[in-house]
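Q: Read top to bottom, the protein sequences are chains A and B.
So the first sequence is residues 0 to 449, counted in numbering that gives the first Met the number 0.
So the second sequence is residues 0 to 449, counted in numbering that gives the first Met the number 0.
Incorrect hints may have been included.
The list makes no distinction among identical chains, and a pair is therefore deemed to hold if it is satisfied within one copy or across any two copies.
Computed cross-link-like contacts, EDC-like style, restricted to lysine to aspartate or glutamate with a CA-CA straight-line distance of at most 20 Å [to be verified]: (1) 87 with 302; (2) 281 with 209; (3) 147 with 94; (4) 199 with 425; (5) 439 with 427; (6) 199 with 164; (7) 230 with 209; (8) 199 with 42; (9) 230 with 92; (10) 430 with 164; (11) 117 with 209; (12) 147 with 209; (13) 117 with 92; (14) 87 with 112; (15) 147 with 92.
Just so you know, these hints were derived from the structure itself, not from any lab.
Protein chains: 2
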Amino acid sequence: MKKLAEMLPGKVSTEPEDLLCYGFDASGLQAAPAAVVWAQSAEDVAKILGFAYSNNIPVIPRGAGSGMTGGSVPSKGAVVLSLERMNKILEIDRENMSVLVEPGVINGNLQRELQRHKLFYPPDPASMDFCTIGGNVAENSGGPRAVKYGVTRDYVMGLEAVLPDGRIINTGVKTAKGVVGYDLTRLLVGSEGTLAVVTKVRLRVLPLPEAVITLLALFDDTARAGAAVGKILTNGIIPRALEFLDRGTIHAVENYKPVGFPKDTEALLLIELDGRPQTIAKEAERISEIIRNLRGEVTMAEDEAAGEKLCEARRAVSPALYHLKPTKINEDIAVPRSRIPEMLMTLNRLSEETGITIVNFGHAGDGNIHVNIMADRNNKEEYDRAQNLVKEIFRATLELGGTLSGEHGVGLTKAAYISMEIPPAELDLMKRIKGVFDPKNILNPGKIFP
Amino acid sequence: MKKLAEMLPGKVSTEPEDLLCYGFDASGLQAAPAAVVWAQSAEDVAKILGFAYSNNIPVIPRGAGSGMTGGSVPSKGAVVLSLERMNKILEIDRENMSVLVEPGVINGNLQRELQRHKLFYPPDPASMDFCTIGGNVAENSGGPRAVKYGVTRDYVMGLEAVLPDGRIINTGVKTAKGVVGYDLTRLLVGSEGTLAVVTKVRLRVLPLPEAVITLLALFDDTARAGAAVGKILTNGIIPRALEFLDRGTIHAVENYKPVGFPKDTEALLLIELDGRPQTIAKEAERISEIIRNLRGEVTMAEDEAAGEKLCEARRAVSPALYHLKPTKINEDIAVPRSRIPEMLMTLNRLSEETGITIVNFGHAGDGNIHVNIMADRNNKEEYDRAQNLVKEIFRATLELGGTLSGEHGVGLTKAAYISMEIPPAELDLMKRIKGVFDPKNILNPGKIFP
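So here's chain A without its partners, still in its complex pose:
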């Protein structure tokens, strides 16, 4: 580590405080790295990786550490490579509707900067105020707007990245289309920092929508809320967000940061429309009609500020749940949208059978449910029961044609379960692709693959 500190003066720390701060992420998992290094350029990253490669030292790339599955939690003796200082927006190309950013740029900062240019970058993870674009690329992050606009993958045009042996590569194109060679760009997107360290990201952006309308729908019956979701979408309306909160989640939010949701509600839908003002006004009318026909109660946020307030409430869900129980096992399964009601019924059944509280919220429009299993890590018996539930939930998810993760990735927390979803031949291909990029297995080892 001394040699590394000499190579990168002022950028390497072995202070206990830093080793502590950079040793965990939002999964709650924790381990102490051997050192933390802050890169400020692709060349820095190349130096660090070149050194680590020669000396067989594991390197853990890290954005804001807001990941949910331990993807940036270090293994013992590893170097944490923080990209947070590479936080510049390098280029806003309005003519070609693209931006070039460093990986440490905070998602929300990019959103705000683009807004000033009347541009729009849709992916909006709940952690948008602190998560980084580099982290979003590593995890292929989604967010409420995915139902209309897709996920991070759909916006990454090209990458600059550093291979584990220190070579800098460039993938993708600066053009809207490009089909020369294999799609290395999308192979890196969602690879959870196991194939290469991203040092520049070119993103496609869209024109800023002219207007936004937010609707809130309350139902005293979950099945009718589900029917409303189906009805809205099959009517040809694609809202930019179509979120649901179950009863347990509504209560938790109200207790943490009161918004004024009635307490006798079984299911809540939060619907955002964007586009031309007249178009979305019509769509809002039609949605209101659908909701009322299903005996839901609907209110429309009168202006964007009021709408934004409701969305803030949605983003408060995650912290609010920590007030229910000290530990939250947070899964992010996805099922085909039409299977959501069945999935919720199964979750309720499992909760009743085990006596463990499960609260659910998420993206009704795309079938991505955030399942929160509430327990106390310090109550061993309860925590074990909660852990056992995870496998049951995954089994039910896969039976409904779903996936173990819609947004959070595999990381450490789901690595033990990956073979429930990915069969041996496919898993073998993935491992051999890992070997192509990282033959010495120094980059984020132990993640994804058990």
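Given chain A, work out where chain B should sit, using these hints.
A: Relative to the frame of chain A, chain B by itself:
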């Protein structure tokens, strides 16, 4: 081959007529395979590949043979594996907005079937009336609607495919989102049949847009046509098609299939809007204003049938050009949209300097230009000059930040040029990924990589 015929009775031919018919594609390249096999199931494909793998026989997967770069042209002694009989639409899941199809389904047939269900699959290559979804997946096909809706990659949710050694794999998810493991799905999309043979495709579909308006704009100056394109898009209007034809192309179409375009036009824009009727009526107004302000002449197709007629004309471009000269070297470069005027100027200069006719048309909205170098293959001197031009054009394209192919892929015709665009480290990664899937190099050998 006799053994193969025994394994798959009635599905193998070595008739000279079949060897001829299945020996070429739209690139004009041709070679005789050793046999043609028509698979009717994934199991058939697995049998054929298993046999070929054991016996080191090259296998060339083939959809409709409408590819532009020789991707399905066999090498000597190879078996052509035709997927055209696997042409069933297996499932239309309206609730979850997805369809499951076999690879031999014709793109246009899927479009029409979906229309009956009020659904919409956007990718629309000019060859849509005969090209197959499997071929579209192999090439990551685009089409005019890519400017608004993206390309094939953006609609493929998951694949069933057969590895070169005969193992059947499944990639991707049935859900809108999924981030478990590496993105094998998008690695296969655009891999030009070199990694695996696709046997089932799950595609995302959209609600059918309520209405379409088509606009035709004529300019006596190319630069002003280019300015109109920029102006439309920076006004926040994203048409579902934004096509341009240059003077040479307009003349060729008129001579082949007269539509009534005035002959003194320098550039023509064909603009399609889709969405809610009132919204697009407003957008059409705004576009007309932009065009007139730039001294263009604009006409609006009064109904969908009239609009469809104009789009048919666009699709007639390719055959029309064969009437100019017997041989058409058809490149499909893409540049960042703002660089189109520079690119067209360079193309005109190169045409003047060499005396070779070059006509250009394409997708102005996404910078994808179809550059057609017109020559006679039987006039050796002229054809050599035309061939030399290709490299010049590629060099200019890359200097403008472009790519050698926006839609057609590399295949055989661009393999010699791939290293102009893809640097050694990236090319090496791609070749090693090929090795992971196809260690014996039996699947479509000689394509993409020189």
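Q: Hint by hint, note whether the structure agrees.
A: Structure-based check of each hint:
In this homomeric assembly, residue 87 and residue 302 never come within 20 Å of each other (Cα to Cα): the closest approach is 32 Å inside a single copy and 49 Å across copies. With identical chains, the CA atoms of residue 281 and residue 209 are at most 20 Å apart both within one copy (15 Å) and between copies (14 Å). In this homomeric assembly, residue 147 and residue 94 come within 20 Å of each other (Cα to Cα) only across copies, at 16 Å, whereas the closest approach inside a single copy is 24 Å. For the identical chains of this complex, residue 199 and residue 425 are inter-copy neighbours only, at 16 Å across copies versus 29 Å inside a copy, given an alpha-carbon limit of 20 Å.
In the homo-oligomer, the alpha carbons of residue 439 and residue 427 lie at most 20 Å apart both inside one protomer (17 Å) and across protomers (17 Å), since each shortest distance falls under that limit. For the homomeric pair residue 199 and residue 164, the shortest alpha-carbon distance inside one copy (18 Å) is at most 20 Å, but the shortest distance between copies (37 Å) is not. Taking identical chains as interchangeable, the C-alpha atoms of residue 230 and residue 209 lie at most 20 Å apart only when they sit on different chains, with a minimum of 17 Å there against 25 Å within one chain. Only within a single protomer do residue 199 and residue 42 lie at most 20 Å apart by alpha-carbon distance; the minimum there is 12 Å, versus 43 Å between protomers.
Taking CA atoms no more than 20 Å apart as the test, residue 230 paired with residue 92 passes between copies only; the shortest distance there is 14 Å, against 39 Å inside one copy. Both within a single protomer and between protomers do residue 430 and residue 164 lie at most 20 Å apart by alpha-carbon distance, with minima of 18 Å and 18 Å respectively. Proximity of residue 117 to residue 209 under the C-alpha cut-off of 20 Å is restricted to the intra-copy arrangement: shortest distance 9 Å within a copy versus 27 Å between copies. Taking the shortest alpha-carbon separations for residue 147 and residue 209, both the intra-copy value of 16 Å and the inter-copy value of 17 Å come in at or below 20 Å.
Only within a single protomer do residue 117 and residue 92 lie at most 20 Å apart by alpha-carbon distance; the minimum there is 12 Å, versus 37 Å between protomers. With identical chains, the CA atoms of residue 87 and residue 112 are at most 20 Å apart within one copy only, with a shortest distance of 11 Å there and 48 Å across copies. In this assembly of identical chains, residue 147 and residue 92 lie within 20 Å of each other by CA distance solely across copies; the values are 18 Å between and 24 Å within a copy.
Hint 1 from the list above is the single one not met by this structure.
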